[in-house]
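For the protein sequence lines, the chains are A and B, in the order given.
Here UniProt numbering is used: the first residue of the first sequence is 1, the next is one more, and so on.
Here UniProt numbering is used: the first residue of the second sequence is 1, the next is one more, and so on.
Please note: incorrect hints may appear among the correct ones.
As the list claims (entries may be wrong) - Listed below are the simulated DSSO-like cross-link pairs for lysine-lysine, each with C-alpha atoms no more than 30 Å apart in a straight line:
(1) A:Lys339 x A:Lys290
(2) A:Lys349 x B:Lys442
(3) B:Lys246 x A:Lys220
(4) B:Lys246 x A:Lys349
(5) B:Lys246 x B:Lys369
(6) A:Lys220 x B:Lys437
(7) A:Lys220 x A:Lys158
(8) A:Lys137 x B:Lys263
(9) A:Lys306 x A:Lys326
Calculated directly from the structure, the hints in this document are not laboratory data.
Here the structure is a predicted model, which means the values were calculated and not measured.
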Amino acid sequence: MNFRKDLSLPNGTPVDTSSPASSSSLLNRLQLDDDLDVETRDLFVTVDDPKKHVCTMETYITYRVTTKTTRAEFDLPEYSVRRRYQDFDWLRNKLEESQPTHLIPPLPEKFVVKGVVDRFSEEFVETRRKALDKFLKRITDHPVLSFNEHFNVFLTAKDLNAYKKQGMALLSKMGESVKYVTGGYKLRSRPLEFAAIGDYLDTFSLKLGTIDRIAQRIIKEQLEYLVELREYGPVYSTWGGLEVELSEPLEGVSACIGNCCTALEELSEDMTEDFLPVLREYILYAESMKNVLKKRDQVQAEYEAKLEAVALKKEDRPKVPTDVEKCQDRVECFNADLKADMERWQNNKRQDFRQLLMGMADKNIQYYEKGPVVYAGNFGVEEGYQVKGTRETRKSRELSSNIVAANFFPGCISSVFNKHK
Amino acid sequence: MESAEPEPSGSRPEEEEEDEEEDEDEEEDGALLPPEQPAAAMEDCLAKKMEITVSEAEKRTGRNAMNIQETYTAYLIETRAVESQSEGQCAPVESLWRRYSEFELLRNYLSVTYPHIVVPPLPEKRADFVWHKLSADNMDPDFVERRRIGLENFLLRVASHPVLCQDKIFYSFLTQEGGWKEMVNETGFQLKADSRLKALNATFRVKNPDKRFTELKHYSDELQSVISHLLRVRARVADRLYGVYKVHGNYGRVFSEWSAIEKEMGDGLQSAGHHMDVYAASIDDILEEEEHYADQLKEYLFYAEALRAVCRKHELMQYDLEMAAQDLTSKKQQCEELATGTVRTFSLKGMTSKLFGQETPEQREAKIKVLEEQIQEGEEQLKSKNLEGRDFVKSAWADIERFKEQKNHDLKEALISYAVMQISMCKKGIQVWTNAKECFSKM
């Protein structure tokens, strides 16, 4: 269905379709269900297959962007192009310019400190790939952004650079964005609902920032714990070398500690690669959303200023001038778009965080699940074996000169040790 | 004259009758073994007949020997005779207070009196191998508590030892409040103690010690080194693990704050935060249990010192023997030279007699007589020293074998309990994170 042809509100009022802003807001109002069902989804985008390119001037990574679609806006049902980070960055800027009333998803951080982070390490590239994939998927799921022509070109053009250069020259496209360049108007007061959103985003960013710091600290502590464990395990082995009867249990403990080290390393890596980046993305998201709120304030401020100017002129005009009318229109569109996007954002955020935190819990559960398996395997200890309190342990020493191993340990343990007698 | 040789200490000890032999008391070097008593059978061990506990610890202030006020901790020792079950009666509990220095006195007495026994060690005097949460302060209640347990353990070990449990001084330590110190000092055990310098000297100069003791000494050195290392690293590991758990507590707070601005997500976040608090708090119990494990290892760290003490004693006795034999040999040689007139070895006497003329036959006769007396004495001494040496090796080795089995049993148990602790810790972790996951799923 092509909404752009027949445009009228449900009450019959014709709608001005000359500006893209109105048509997009109309789309929002007419679309009953913002969240696209999987069945009705007609656009699928994936980012994968990172490849390193070594050129004379620079070395960089490209990613394969695959598109599958039935939309009429696309000439072909399938596309496969290669894009680098720069291209994603360009796309995002273009979206911000051309869809200023919408919340544009964030990109992973642009700059990485050379020497600290290896831009070409597998882990870094994979983390980035996931973030870029998420970026495109969020756009794909957006009922307005997914129809953006820059997005279309990004997904389909063989030579994106040529299009980029072309875009710079054309000023007609600039016409729209000029309208939203701030005229330096100051808003007196933010409407309550947007003030609430602003406050929410402030607190939200703050809390995420704290969580990020906590997660980093935990990883740091875990790695320091790991360092000590790596020294700890081998000492048991050394001791085992001194002993005869005790060498097996001592080697057993050493092996178990070694296993713990491996599991811990995995946990820390997972948290670094999967947990922290998503957290940081949301912090960036909140930042860009706050900027959109500010832009909205600007649009409202401009309208109110112009309205005031007209009122002060005290001209006896029955009709409000068209440019003030357009300002009012812009404010209403902006507000509507923003509210709709906020609702969508809240839903997605809730799902994303549910998944993220459950993932964190899962990783920890997996880490702890490895322990009992390894220890039980090495010591033949049954589940539910009760640790004796210290008093009982000491009383057992009264019979120290009379080893009665079988009386103290459940059958399976004594069998482990009896075979060495 | 037959040449006297020290009997090689590596010879297998013969089967000995378990008689009561009266050894002569000697005042010089080498503490003698106390009168031979048959080792107590298992059933007769004091530990079986008497319940012993160190039940309390109390801070006291008093005046010490130099009339200076000091603060110390006193420990309450409670004992009760074990009645047979059929009687159904409970004997009354007797109790008395002792301080650490008295325990030390007891142990010193036992070490000197029973040098062939691996005497159980006392818990450490000062807190060592601490990690940041524990303080190194002797007055710290945790330290005092662990010391109380260690002292009780010491008493139980002595009471279950087949030889030591029969000692009267030990029994009095447990039962006689007043005058015990005087009683110990009256035994004169301090005089029997070997000087450190002598022991060191013997270690370096002994020529033919029993190989088993040399190996054992080497083993105890290595054991001490490896357990020290283990305890040091363990303390660091505990420190780090504490940090990991405690930082998670911060999640609790921030989730709670975050939940305040959320609508649907709020409840899930809040309850998950509670589980993070539980997780952070769980480390305290985990590490306390581990502290007991560390104490078990520490006991054997100190036991290594006791083992070494027995080896040192053997070296001292062996050296003593070698010196006595050497002395005897040289005296016999002197005697021979005087009798035959030949000078085999250079001696000042020989030189002077060459220069200033030989001594008169009467003088020579007198000298020979003195020497012959000394030689006879020497031979008797050598014989008894040899016997002593063999006795010592036999009894010491028997106790060492007993000790080895005890060590293997105890440490095996400690390692298993360590494994069980680790499993339990993992299970707690799984539980907490599973609970948190469920809360997250409800977000």
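Given the hinted pair Lys137 of chain A and Lys263 of chain B, is their alpha-carbon gap at most 30 Å?
Holds: Lys137 of chain A and Lys263 of chain B sit about 26 Å apart, inside 30 Å.
Below or equal to 30 Å on CA atoms is what counts here, so check Lys220 of chain A against Lys437 of chain B.
holds (23 Å)
Lys306 of chain A and Lys326 of chain A were given as a pair; does the straight-line alpha-carbon distance stay at or below 30 Å?
Given pair Lys306 of chain A, Lys326 of chain A holds - Cα atoms ~11 Å apart, limit 30 Å.
Hinted pair Lys246 of chain B and Lys220 of chain A, Cα distance within 30 Å
Between Lys246 of chain B and Lys220 of chain A the Cα gap is close to 13 Å, so the pair holds against 30 Å.
Lys246 of chain B and Lys349 of chain A were given as a pair; does the straight-line alpha-carbon distance stay at or below 30 Å?
holds (28 Å)
Satisfaction of hint between Lys158 of chain A and Lys220 of chain A, Cα-Cα up to 30 Å:
violated (44 Å)
Would the hint linking Lys246 of chain B and Lys369 of chain B be met if the CA-CA limit is 30 Å?
violated (85 Å)
Hey, Lys339 of chain A versus Lys290 of chain A, does the alpha-carbon distance stay inside 30 Å?
holds (13 Å)
Run the distance test for Lys349 of chain A versus Lys442 of chain B: straight-line Cα separation, threshold 30 Å.
With a Cα-Cα distance of about 14 Å, the restraint between Lys349 of chain A and Lys442 of chain B holds, given a limit of 30 Å.
In terms of the numbered hints stated before, the structure departs from hints 5 and 7, listed from lowest to highest.
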